[in-house]
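Given chain Y's structure and the hints, the job is docking chain X onto it.
So the protein sequences, as listed, match chains Y and X.
Under my numbering, the first residue of the first sequence carries the number 1, and numbering increases by one thereafter.
Under my numbering, the first residue of the second sequence carries the number 122, and numbering increases by one thereafter.
Since the hints were derived computationally from the structure, they do not count as laboratory data.
Even for Gly, the Cβ is constructed at its ideal location relative to N, Cα and C.
A portion of the hints provided could be inaccurate.
Reference listing, derived: stretches of chain Y covered by chain X, where coverage requires no fewer than 3 residues with Cβ under 8 Å from a Cβ of chain X [stated by the list, open to error]:
#1 17 to 31
#2 35 to 44
#3 54 to 66
#4 85 to 99
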Amino acid sequence: MFNMGEDMMKQWAENWEKLMGDQLEKLVTNEKFISEMSKSIAATMTGKAVYSKMLDEQMAAMNLPSRTDIVKIMQKLTDIEERLVDLTEKFEDYVDANENRPAAAAAAGAAPEAKGKKHKK
Amino acid sequence: MIANMDTIAQQLDAISEHYLRQTAGELDTYPRGVTPREEVWRAGNVSLLRFESPEGVEGQPILIVPSLINRWYVLDITEEVSFIREFAQKRPVYLIDWGYPGAEVGHLPLSHYYHRSIKRAVRFMRREHGCEKVDMLGYCIGGTMAYAFSCLEPDMVDHLVLLTAPIDFKDSGIFGTYADHFPTEEFKQSMDFMPGWLLAFSFNFVQPMGTWQKTKMFKDKFESKGFMKLYNAMERWIADPVSYPGKAYYHMLTELYKENLLSQGKLKTAEGLLVDPAARRSKALILNAGKDHIAPLCTTQLPQSDKAPVKQVTIPSGHIGITTGRNSKDASKSALEFIMN
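Bound-form chain Y, shown alone (with noise of 0.2 Å):
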């Protein structure tokens, strides 16, 4: 008797199981569905957007830096960073090319212009 409770039970669960994700399933693939949901993100990030730039404003009205202004400068860093990392790289490649090293000649010789110009269009 208990045995054929658990049993339906178990049945019970299988076919619950089954029939969610078959729904859930189509309701996640529905490109209807997706593209209305797509609309409503769209929606958030455009009023993120506006609500940013009148924090912006606000803040350029009390002479303070905003959250852009601070990205900005961030990003400027990264770019700085960037630049020094390739310096470096370069002048590595020509005091290794200037010792004759092997593998740093063949890289030197590898140089991003060259192989650029090949490929571009």
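Same frame as chain Y, but now just chain X:
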């Protein structure tokens, strides 16, 4: 009566908080990757890791390019299940750790990652080992990036393993449908990065019964120590989401998912270099997963213009299962055999 109920509620609250804290604490003690390693190079968020190999292990080094969407240590999840550990037994192994990108790199294009960053890593390895070429394994979007790099720099890559890497985005499954509808222009105007939690949510969202099935599996297997070790390590990895740099995310959605430029040989770097599949010369292994819903089998095929030698091995598992599931050993063995021969 009410006072008693209040006391019980308080006690339950204290117990659940204690349990949650303890669980979180335990998860936090799980290592992010198990193979000993050192950071040998860094630029901003991006660093190059070198993994420890047994003494005497030499030869052409292997560079692993993990996905930008999640953390790299899914490839080194436990001592028993680790691509990296297996590779490190045979060859010097390096990996690009993309770190935790934020708003400060939101302006960098996708080509910064698939060309500039990978090239810096390869340059370091060539200087370190005195070799002309390196072997490369790219996982997921990391595979897409490794492929693009091998087209841009054909002289630098010898063997290329594309582990569940989408290359042809024409029929890219459920994620392709979401990408087609995603408001990319609104995203570009408003976001510096795609938040990691939102990416993690979207992966759960497209598999609505995933959590239920995981809970069922947990119930069946929680008494096995081996299972619990892997389960906790995986939970630790899942609970460690990373944000995707804004401009790079925009490029991935528009240039890859929406316009499929890589497969058509029309993708260009920010500097205007053409990513030409016809220029690629490295030997390639497509290592894909039969039940992959993130990179379905048809997306892992190379463009027709790509005439370099290519092999294919399909593992009967899912996108994550190929790295951590019961068939992951077969996958890592296939990759290693391909690289060693």
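Checked hints:
no., hint, result
1, 17 to 31, "holds (count 9)"
2, 35 to 44, "holds (count 6)"
3, 54 to 66, "violated (count 0)"
4, 85 to 99, "holds (count 4)"
Hint 3 from the earlier list is the only one contradicted by this structure; the remaining hints agree with it.
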